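Enquirer: Using the sequences and the hints, build the whole thing.
6 protein chains.
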Amino acid sequence: MSAPTATKIGLNTLLPSIRRIHGIIREKSEVEIKLVTGDQLRGKINWIDDSCICLDTSGHKLIIWQHAIAYIKS
Amino acid sequence: MSAPTATKIGLNTLLPSIRRIHGIIREKSEVEIKLVTGDQLRGKINWIDDSCICLDTSGHKLIIWQHAIAYIKS
Amino acid sequence: MSAPTATKIGLNTLLPSIRRIHGIIREKSEVEIKLVTGDQLRGKINWIDDSCICLDTSGHKLIIWQHAIAYIKS
Amino acid sequence: MSAPTATKIGLNTLLPSIRRIHGIIREKSEVEIKLVTGDQLRGKINWIDDSCICLDTSGHKLIIWQHAIAYIKS
Amino acid sequence: MSAPTATKIGLNTLLPSIRRIHGIIREKSEVEIKLVTGDQLRGKINWIDDSCICLDTSGHKLIIWQHAIAYIKS
Amino acid sequence: MSAPTATKIGLNTLLPSIRRIHGIIREKSEVEIKLVTGDQLRGKINWIDDSCICLDTSGHKLIIWQHAIAYIKS
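Protein chains in written order, with our numbering: chain A, 4 to 77; chain B, 4 to 77; chain C, 4 to 77; chain D, 4 to 77; chain E, 4 to 77; chain F, 4 to 77.
Note that these hints are calculated values from the structure, not bench results. You may find that some hints are simply not true.
Any copy will do: because identical chains look the same in the list, a pair fits if it lies in one copy or spans two.
Below, simulated BS3-like cross-link-like pairs (lysine-lysine); rule was C-alpha separation at most 25 Å, straight line [said to hold, decoys possible]:
#	residue 1	residue 2
1	47	76
2	76	31
3	76	64
Since the model is a prediction, treat every value here as computed from it, not as a measurement.
Expert: Encoded structure:
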């Protein structure tokens, strides 16, 4: 399933946050995602869309709702 | 009650998150849903609409509000 | 106070979640509502509108904000 | 400060939730408001607008943001 | 930095909540702000805009996001 | 990656909160950011956009979602 280009979804690719995350995806960097639940998840981001981020973490694919994210550390 | 096709409801089926969840529904895969309350629910997703996800779990149907979901693990 | 028909309020009655809850109201089924606070409320749903759900529980009428609901179990 | 009529502010007075709360205000009924923080506040509602509810409780006026309300028990 | 008049920002000054807070600002009243985190902050409100409130508290200026406020006690 | 000027992103630079944060960025002031999770983060703000704030903290760049911020102390 090739990720649709950003223009087909509502992401504003001018935003520094979206540009930063697209850079993290391109570089396949390892990140830490802290959730509002207190969970700390480590892995690589596959894609981001208007509502979610897909994180590849120890063999599982997590669809994480952005509203549950506190921060991404890279 | 046959699930209305996505076009009758506001889901953007171009989004990778919606396409991924529609795939999970078609494949009737078992998933784990982590809520912002800390609850971890296991079951099969019946449908998704603009606000909620229906999870079939140990004989109960849960209407889960998307705003309460942290992530779906599949 | 007769509940106004859905068309006078903004509910999208095509959504599976709204159709499911309207079914629960018609059948006067007992439900469990889990809140993001961790509270678990049992009772019968009187009505649902754009922002709230009214639950009849042990003689009290609770106006529950939908943003505080994690899930409804029926 | 006479409370502006609902039409000057964005409240949809057709919604059962708004009609119920306006009834509670007219009847000056004592209510319990449960917040998402777990706080339980008792008092009388002075007014409701698009974002907040004003509760008169033991001599203090609380401006409560609706996003922090789990439910109102009356 | 003189606070821009409300008309330059999106505040609806007809809302009782905004009128109440503008009154608190004019009177330089001491208030208590309870956050959804459970924090209780005391101080004087400098300004309010569409998203935030500025609280002057023991020599610090806090920019508080309204989404994190449970209530203001005055 | 030079931060796009505010006009290319949706920030309302008339808002006192945005003007205050742009001032903090220009002055490279050290701030404390309290999250709704209870986390307290110290560092310097690199940029702010419609959804996030970038904080430079002990060698890491955190992309913090504004919805997770309770307040900024400066």
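Enquirer: Now tell me if each hint is right for this structure.
Expert: Right, here's what the structure says about each hint:
1. 47 / 76: Close inside one copy (12 Å) and across copies (15 Å); limit 25 Å.
2. 76 / 31: both (14 Å within a copy, 20 Å between copies)
3. 76 / 64: both (19 Å within a copy, 6 Å between copies)
The structure meets every hint from the earlier list without exception.
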